[in-house]
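K.L.:
Spelled out, the chains give:
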Amino acid sequence: MPASLPRVAVLVFAFAAPVSAMPLRLPFAPPGAKADLDGKLEFLDVERTDSANPYQNPQGKLRLHLTTDLSAHVRFVGDMTGTAGGTPRNASGAGVYDLGHVKQELSPSLEFGEAYLQIETTRFDLRVGLQKFAWGTLDEPYAAEQAPNDLLSPQKFYEPLLEEENDRKIGVPALAPTVYLPPSQSRYLPSDVRLTFVWLPVYVPYLFPDQDERWYPPLARVPPESDVMGITVENQSSFVNAPVPSRTLNHSTYAARLSGLAAGADFALYYFDGFDPWPSLDATAQGFVRLDPLSPQRLDARSEVEVFPVFHHIQTVGGDVAYRVFGATLRLEGAYVFDRGYVRNLQDVVSSEQIGAVDPALLLSGEEQPVPITLSDVNVRRDAVEWGAGGDGFIGGTFVLLQMNQTAVLRNQVNLLISDMETRFSTIVRRGFLDDRLRAELLGLYGMQGVYGVAHPRLTYAVNDHIDVRIGFVAIAGHEESVVGQYRRNDEGYVRVRFLF
Amino acid sequence: MARGILSRLTVLTMLAAVPAHAETARDMLDRAKAVNDAREPKDTTQKTKMTLVDSRGGARVRDLEMYSKSYGHRTRRALTFFLSPPEVKGVGLLSWSYPDRDDAQWLYLPELRRVRQISGTSRKQSFQGSDFSYDDIELLDDIRDWTEEEAASKLVRESEIVDGVRCAVIELVPQDSTYDYARLLLWLDREGSTFRKIEFYDKKHDSLLKTLTLGGFQTIDGIPTAERVEMANAKKGTKTLLEFSETRYNRGLTDEVFSERTLERGRVD
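For the record, the sequence lines run as chains X and D. Positions 1 to 501 (my numbering) are the ones given, in order, by the first sequence. Positions 1001 to 1269 (my numbering) are the ones given, in order, by the second sequence.
These are calculated hints, taken from the structure and not from any lab test. Do not rely on the hints blindly, as some may be mistaken.
Now the in silico label distances, taken between C-beta atoms and shown as ranges [to be verified]: (1) D/E1087 - X/K34: 31 to 39 Å; (2) D/D1102 - X/Y254: 49 to 57 Å; (3) D/G1237 - X/A477: 42 to 50 Å; (4) D/G1237 - X/I395: 22 to 30 Å; (5) D/A1182 - X/A440: 27 to 35 Å; (6) D/G1237 - X/V74: 45 to 53 Å; (7) D/R1228 - X/G100: 51 to 59 Å.
Even for Gly, the Cβ is constructed at its ideal location relative to N, Cα and C.
The whole structure should be built from the sequences, with the hints applied where relevant.
P.N.:
Written out as structure tokens, the structure reads:
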């Protein structure tokens, strides 16, 4: 319970304090190996402003991060997070997140974020194992603002506004060699050029909340009733898992990044060929009809709708550049996406469903009879251009970031959850006080189409070098049929206490 | 973040070698610059413990590991990794400093192994909550290169004992109006050939604002080096103590050490 959090925090801090002795001796490590263990213990309590919306349990999270230098050229990195409470409403119990399901309602849960070996030589690095990637130059303050080329690590969408980027990302098994080109002797050629290939042998899906959770998208909820061909249909729906793409080599993901420094500008070029880490949903429905025995002219109809994730193979080519000018850093990033799946408003889909024929003789029996229901396509495949531009710098001691992201869905004629030209502006304003012990921030997001916005002020106070306390408020506004505005009843205040070691 | 802060302070800690005889303040400063330029190492490696003490005596500690390389004429590259506290552990900062344009800086965030080119901070802003502003760091780096046109000098006292060492006291009045300081007083050890103390006086009231004290001098690879630097803020009652250790000069650090590649790896080979 929230009231007991401070007491629990004190107890756990006291327990965890001895862990903060950083250097370790590991029994499996060779002589001379150096190991560092660090991590965090975090408590989050979210208070909703609308009691009709799903409740969120207080959450405790313990993250451990181990770095072991096995030699001057070989390093092992491991990272695991245990979480209790949070957004799940009807968790199936304790468990370990697997890499094969979108819907996993676990509490308490254990997540292995990273476990990889890094081998370094002068001109070649290799990382092999479970790892997270963060490509692209644009900022990603929220889950919805993923950089166009940041496609290798899927995300958890349980807590899209409050969870930090690293916690949102899911580790994927990967083989990632990097080749460093020798320094060029010509000042006309780029320097610090490196080429990274990534091979993900299996697809790891994103994690998505269940229908009863706080951040399940309302537009992906089926309305309780719909009118089909003049008949009122009562709808029941569920969100279920679907098989991920089979773990064969032809379902592997391949990606490459060529990056360097030219004329003071950081640049990178990207290629991605694999399954889309972005959520995409589909639905099937089964209908049932019955003649009302008391009023035979009346037909009782109901449907059972199953919403499930679908996985699309996409390709992207893109690039980014970051350059300092007039005391600010400007960032530009874009990608052309081939064949991404975009989701339609599920309420539109259900309202246009078609009920199949039923044998009148069977209906006369008075028994409920199944009837096929045909839904129009829930998601459609479209090419798109994702791009964004931003700048950040200091104005009189205050850090200011402004960024614009735009998604242009090409050759589209149907009504999607996002607009064909979706433009979003985001900002971060940050200033330190009390010798940087107190940090005041305002995060904002504004969407031009559908008109929506998020205002997220927060204060973080560092009690000491190990403990900080954050309080904040998230206010969401906008049209209920927009990507973000659909969450407009999810305004919330929160308190986070963090112990770093 | 830093504009190669530690490398710049290191330069200050090495200010060196002037003979003791009747000279003007400008003579002393020019000689110090000449000797120091000749001794300036090509590269430096060191660890730094930065202790921030607030007005109530509470202390916060930051540990850093720093690599720097000089390319002459106030052109320098520096790489800093934060070792503690936990919030910034593993964070790396790469700075390329130039005399005639803004520094180029890259920040490495270890959690996601992401390197980002970043913009410089406000010159008046504190470095990591310390008593050093970025302006101070730039100023300390520039002192030895100042000409008489850039800062008028005056010999205030020929001899004053500081930390058991006989020093000349020199007043400098920087002409750059963007500095917060009306004047500085430097204590130059005429026999040991090092700076021992600097006082910073504010513009408004010409009152003492900050005092920088250098101590714990050791000769490392032939270069006199202060292993302890303290900046005390007289108005706020705070102070910042920098303790340098494992200092090594002229290791032959290559240009590739000061690259995004090294930042991405999160360590120097």
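K.L.:
Each hint: holds or not?
P.N.:
Hints versus structure:
Between D/E1087 and X/K34 the C-beta distance comes to about 21 Å, which lies outside the given range of 31 to 39 Å. The given range of 49 to 57 Å is broken by D/D1102 and X/Y254, whose C-beta atoms sit roughly 39 Å from each other. Checking the proposed 42 to 50 Å range against D/G1237 and X/A477 shows it holds: the Cβ atoms sit about 45 Å from each other. Evaluation of the 22 to 30 Å hint for D/G1237 and X/I395 yields a pass: the beta carbon distance comes to about 29 Å.
As the Cβ distance of D/A1182 to X/A440 is approximately 32 Å, the hint placing it in 27 to 35 Å holds. Under the hint 45 to 53 Å, the C-beta atoms of D/G1237 and X/V74, about 49 Å apart, fit the expected range. A hinted range of 51 to 59 Å holds for the C-beta pair D/R1228 and X/G100, which are about 57 Å apart.
The earlier numbered hints that this structure contradicts are 1, 2.
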